[in-house]
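Engineer: In the order they appear, the protein sequences are chains D and G. Okay, so the first sequence: first residue is 1 according to our numbering, each after it adds one. Okay, so the second sequence: first residue is 304 according to our numbering, each after it adds one.
Just so you know, these hints were derived from the structure itself, not from any lab. Some hints here could point you the wrong way.
Pairwise CB distance ranges, derived in the manner of DEER restraints [said to hold, decoys possible]:
id	chain 1	residue 1	chain 2	residue 2	range
1	G	N311	D	V19	45 to 55 Å
2	D	K290	G	R315	50 to 60 Å
3	G	V340	D	S301	41 to 51 Å
4	G	K495	D	K208	51 to 61 Å
A partial selection of chain D residues facing chain G, derived with a Cβ cut-off under 10 Å [unchecked claim]:
id	residue
5	Y130
6	N134
7	Y229
8	M287
9	Q289
10	T291
11	G292
12	Q295
13	N298
14	I302
Backbone N, C-alpha and C define an ideal beta-carbon position, used for all residues, glycine too.
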Amino acid sequence: MKPNIKIPDFSHTAVVDQVGIEERASRFTKRSIKNETKMNGLLLALNMIDLTTLEGKDTVGKVKQLCTKAMHLHKAYPGLPTVAAVCVYPSMVGVAKKALGDSGVKVASVSTAFPSGQAPTQVKIDDTKYAVENGADEIDMVISRGKFLQGEYNFVFDEIALIKEICGDARLKVILETGELGTYDRVRKASDIAMYAGADFIKTSTGKISPAATMPVTLVMLEAIRDFYYKTGKKIAMKPAGGISKAKLALHYLVMLNEVLGEDWMNNEWFRFGASSLANDLLMQIMKQKTGIYQSSNYFSID
Amino acid sequence: MAKINNTNDEQRLEVLKTYKIYVGGQFPRTESGRYYVVKSKNGDHLANVCQCSRKDFRDAVLAARNAFGGWSARAAFNRGQILYRIAEMLEGRKSQFVDEMTKQGLSLKQANEEVNLSIERLIYYAGWCDKYHAMASTVNPVASSHFNFSSPEPTGVVSVLAPDDSPLLGLVSMMAPIISGGNTCVILASSKYPLSAVTFGEVLGTSDLSGGVVNILTGFVDELLPYFADHMDVNAITLSDQSESQVTLAKEKSVFNLKRVFQYKNINWITEKGQSPYFILDLQEIKTTWHPIENIGGAKASY
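All chains should be built: construct the whole structure from the sequences, respecting the hints.
Structural biologist: Right, here's the structure in full:
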């Protein structure tokens with residue numbers, strides 16, 4: 001962290017206007033996006049995906065298959081971009097790294113006792129170290145929501161800072177699990193803590209809790225990023241995850257991103273979608289735009 | 304207490320029905336917000352009817368595809384029970400159909416015949432549901448050590464262009480063989496006589512048929528035919544009294560996913576030619592199974 005960043009008192013973070021946020025978020029869904037703009041948006045969204053498999057039943061074969069999908073999305077359309085990254089459990093990082101080779105697709109690993117985060121600090125450290133040593137380019141950690149809700153903000157802050165140190169060159173995504181935080185005010189507070197503690201990304205959800213990412217929650221976090229940028233000059237990336245499975249919704253998110261943070265954030269360095277089934281819906285919409293024919297999922301690879 | 308005195312037929316202002324479409328078990332309006340006017344024989348305004356767009360069709364196909372798994376997996380006997388139930392429901396609303404059809408210009412005799420035969424036809428296909436397999440399946444003689452047999456399976460989602468000359472019976476006669484064979488369908492009602500088709504949707508909606516198995520749209524053939532024919536998630540299309548150029552267009556557009564194309568032309572639906580198990584078999588695919596056995600021809604009957 002830059003020494004000139006002054007850490008604020010987290011018991012006094014900004015409050016969120018709930019009604020205002022929800023109205024503003026719903027307005028982003030009213031934009032009409034057609035033709036070339038739509039096509040560009042779909043391709044951009046595709047390129048922003050962290051293609052994810054986080055199941056107890058993940059196998060080496062499943063992860064290899066996902067990596068192949070990440071690199072070769074739909075061969076019937078030459079020149080498609082790849083997704084941004086593949087997101088797996090630490091035990092699968094080595095497999096994914098090898099499968100992806102020099103394709104440019106990054107390997108993201110969840111860590112710190114994902115998804116609950118209910119483990120001793122040493123376990124979280126080892127978990128993260130293991131992922132980094134196996135070649136993870138990005139670490140998706142979870143915050144200790146229990147501690148956060150108990151008001152132990154320093155604990156949460158220190159834990160994030162500690163994991164950031166272990167990450168080294170790997171970029172750190174901090175999962176707030178907004179579905180467990182309950183209010184927009186707490187989401188805002190958790191976002192601030194994560195950013196000041198050294199997060200490179202803030203991320204909404206694990207995908208294991210409902211509600212996962214919603215547009216209002218993402219808007220609160222985007223505004224936190226904006227305010228942090230104005231205060232410190234440091235850019236933080238955003239990753240909504242969970243529940244975004246339709247191309248249309250992804251486009252709404254891009255509209256929101258553009259109107260809150262602007263074009264500098266409109267690439268996969270600064271914005272990601274944590275999703276699995278979104279990729280195929282985007283591909284189907286892209287093929288519809290290209291051919292004018294409504295598509296069937298039968299002609300797209302399973303992810 | 305004063306009696307409310309506008310309950311006599313002369314004084315009462317009749318409540319008019321909004322004719323909506325039937326998609327996924329719901330009765331939405333068209334997403335396009337468009338409508339066209341249906342007039343009686345002597346030019347009176349009968350109703351405003353939805354002029355469906357390609358997006359309504361897309362949504363209907365999605366509903367039909369989602370319903371396909373459940374409907375095709377039902378026991379054939381149970382499908383028969385549900386078809387019979389549709390007939391029961393139609394019987395109870397006979398007078399409404401007769402009224403609608405006479406308003407649209409059919410004679411009382413014609414209208415009665417349409418409804419009565421529609422009920423008969425549903426019963427006819429209800430009976431066939433668990434019998435056509437036995438009729439169409441074969442055990443095939445083969446030269447290797449296999450027990451080889453073929454049986455029909457539903458083809459999937461079928462798009463249907465209902466005929467103009469027979470507003471209810473034509474639609475029922477095209478729909479019943481499709482669903483009795485385990486398929487699901489999206490039907491474009493006759494644009495000339497759409498009212499009884501919409502009301503038939505209400506019959507379906509109250510007859511144990513799962514939402515999405517049958518979807519009924521209203522609108523114009525020229526606008527919708529290309530999408531009915533080229534949608535990649537539609538497996539077959541059945542046409543009725545469309546022109547030669549329309550049929551050619553349907554055939555050309557169907558090649559993208561090798562849809563089956565059938566035209567039931569000049570079929571007088573009130574005759575026996577209007578009902579046949581072969582209408583069911585048109586929309587079945589034959590699956591052949593090679594089951595290894597020890598010896599040929601039962602020389603040692605050990606399978």
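Engineer: Which hint numbers doesn't this structure obey?
Structural biologist: Checked against the structure, the hints that fail are numbers 5, 6, 7, 9, 14, while the rest are satisfied.
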